[in-house]
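A.B. asks: Given the coordinates of chain A, work out where chain B should sit on it, guided by the hints.
Here are the chains, one letter per residue:
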Amino acid sequence: MEQILNRIKDKIEIKISTKKRDDLYFFTVEKEQIEFILSYLKEQENFTHLAFMQAVDYLEDGKFQLTYMLYNYKIHINLGVNVLIDRKKAEMFSMHKLWPHIWQYQREIHELFGINFPGSPRVNESFVLEGWEEIPPMRRDFDTLEYSEKTFYQRPGRSTNDPKEYMKEKMYKNYADTPTIRREK
Amino acid sequence: MNRMSENKYKGFEADRSKYPEMKDGKPVIDLESHKYTKIWQGPQHPGVTGNMALELIIDGDEVVDTKTRVGYLHRAFEKLMERRRYIQCFPIVCRICVPEPDTNEYCVSAAMEDLSGIVVPEKAQWLRTLNLEMSRVGSFLMWLGGQAGSIGMGAIGQWTVGMRDFWLDLFEEMTGGRVYHMYMIPGGVRKDLPDGFKDRARDLIIRTRKLLVNIENTFFNNIIVKSRLKGLGIITPEMVDEYGIVGPNARASGRECDIRINNPYVKYGELDIKMITSNGCDAYARAELRYQELLQSLDLVSQILDKIPEKGEIQAKLPNVLHWKIPAGQTYVKAESTRGEHGFYMVSDGSEFPRRVFARGASYTHAISLLEKLAVNISISDTAALMVSLHTCPPEIER
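First to last, the sequence lines map onto chains A and B. Position 180 of the first sequence, counting from 1, maps to 180 under my numbering, and the rest follow consecutively. Position 265 of the second sequence, counting from 1, maps to 265 under my numbering, and the rest follow consecutively.
Source of the hints: derived by calculation from the structure; they are not laboratory data. C-beta: ideal position from N, C-alpha, C; glycine also. Worth double-checking, as some hints may not be accurate.
[Unchecked claim] Far from chain A, by Cβ distances over 12 Å, these chain B residues were calculated: (1) LEU31; (2) HIS34; (3) PHE90; (4) ILE92; (5) ALA155; (6) MET182; (7) SER302; (8) LEU318; (9) ILE378; (10) ILE397.
[To be verified] In the DSS-like style, the derived pairs of lysine-lysine whose C-alpha atoms are separated by at most 25 Å in a straight line are: (11) B:LYS67 <-> A:LYS97; (12) A:LYS74 <-> B:LYS274; (13) B:LYS79 <-> A:LYS63; (14) A:LYS88 <-> B:LYS67.
So here's chain A without its partners, still in its complex pose (with noise of 0.2 Å):
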C-alpha cells in the first residue's frame, strides 16, 4: 500500500494521508484531482469497488467532506478518498461514468444534503422525502425542533387526576356509603 501511495504522491499532492488500520487507508485531495484520481485508482491500481460514496457537513468551516470509499480485491485495502468543497458553492462532479451505480448516492447526497452534481443520472428524483420544500435536512443548520413545531400540532395530552378522588368518582360511586370510603371522608 506503501508503493501504491508513493505512486500517487508523484502524481498529484495529497493534502492529508493517514493510516487507520491495516486494512483502512484515507488521504484527502483538492476537487480538480477527484476525477483523475479516482479512474487511476480504478483503472490502475485496482481499487475496482466502490463501497459507498458520502458526504460530511462541517458548518463551522463552510465546507462539505465528501468521501469515497474504494476497495481493492487483490490486495483487500480499503481506501477513502476525501475531498473538501465549498458549502455557499455546494457542487460537485459526477462520476457515474467509472460506477454506474454511483448516481443513487449522489441522488441522496443531492437531497439530503443540497450538494449539485450535474449531468448525474436521475439527479433530480425524490429519493425518501417526497415533496420536502426546506433546507435539506442532513445539513447542520435544518433545526429539528423549529421544523417539527412548525409542521406537526401539538396533542393536547392527558388531563391528571387526583387517583383516589377519581376512582372513588368513577368505580365506588355506587359504594359511597362502603366502611372505607366513609372513614376517609
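C.D. replies: Below, chain B alone, put in the same frame as chain A:
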C-alpha cells in the same frame, strides 16, 4: 460444491428487442397508448421484502420498466445519531435490520473502539463472533423461507421460520432479547453465556441440520423450483464492480469476496472457514450458495462453541459513557452480513456527539440499481422471486 450450476450464463445479454424505444437513456413509454400498464408492487404486498415498492410498467405479463420507490420506512437514524451521545446510539442501530441486527451493533461498537483505541478482551471477541454467526444462521433461515414462499412453497417458510424461533430462544438466553439484542456494547459484550448454553446450542445445530436435509430434498431437488429460478436474474461477473455487488450475490457470480476471510474481524481469523463461490450467476445458484453458507455457518457456530474460553473478562473498562468524548477522526468498519458487506462510516469531531454516522447496507445497490436492471424483461410473477433472490432489506436503504 459439486452441485453448483455450470458457467453457461457468462456474457448473458438481456433480450431488449421488445423493450420500448430509448431516448436519452430512458425508455419512452406512452401509457395512454393502452399498450402498457403501470402497477405498483408494494409497499404492502406479500411479494416484496419489506416496506418498499416497485413501480412496474408491464406489457401483458412482461415487465418492461421498473423503478424502486422507497421512503415508507425512513426513520432518520443517521440524523438522530448526530443528536445523541455515543452510548445512546445503541438502541437505534439494531433497528436498521430486523432479521440480522447484530451486524449493526458490532459495526458501531467496533467503530467507536477503533476511534477511541479501546481493546476488546479475548472472551468478549469470541462471544461477539458467536453472536454474529448465530444471527447469520437466523437470517439465512428466514431468507430460505422467503425464497420458497416467493414461488409458492409456503410450507418451507413455515419450517424455517419455526426453526428460526428456536434460534431466537437461544438469543433470548444469551442476550435477553429475541429480535433486537443490544448485546455488543463498546468494549465488549453485556453478558456471559448462561449455564448449559453450549449443549442446547449443539443440540439445536443437529436439529437444524435435520431440517435442512428435508429442505434440500423438497426445494433444491424440485423441478418446479429449478424451472422457476434457473436463468432468472443473471448477474454477470462484469456487473459485480459496475453495480457494487457484494456478498452471496457477488460470490454466486464467481467473485471471491468474503470479509470474514479477506479482512478477518473479531475471531474469524482463527476459524476454519472456506470461501464458497459459484459460477451459476442466476437466482438458483444464489439460492444454492446461500444454502451452502447456512451449512457453513452451522459448522462455524459449533467451532466457536468448542473454542470459546471458559473464563475471562467480557468487558473492557470504559470512561463514563454519559460524558464520553471520542477523539476526532474518521473510520470505516465493515462486517459480512448475510447480504454482504455491511459497514459503518463514523466521523467524530472530538465532542460527545458523533459528527456523522453512515450505515452502508448491501441492499442499497442491490435493491435499486441492480434490481431495476434485472427486473426488465421478466414475467411479473417472477419479480418477487428475483427480489428475494437478491436478499434485499429496505431499512438498509433509508436509514
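A.B. asks: Evaluate each hint against the coordinates.
C.D. replies: Against the structure, the hints come out as follows:
no. : hint                 : in the structure
1   : LEU31                : holds (18 Å)
2   : HIS34                : holds (26 Å)
3   : PHE90                : holds (21 Å)
4   : ILE92                : holds (15 Å)
5   : ALA155               : holds (37 Å)
6   : MET182               : holds (25 Å)
7   : SER302               : holds (27 Å)
8   : LEU318               : holds (21 Å)
9   : ILE378               : holds (20 Å)
10  : ILE397               : violated (8 Å)
11  : B:LYS67 <-> A:LYS97  : holds (21 Å)
12  : A:LYS74 <-> B:LYS274 : holds (17 Å)
13  : B:LYS79 <-> A:LYS63  : holds (18 Å)
14  : A:LYS88 <-> B:LYS67  : violated (33 Å)
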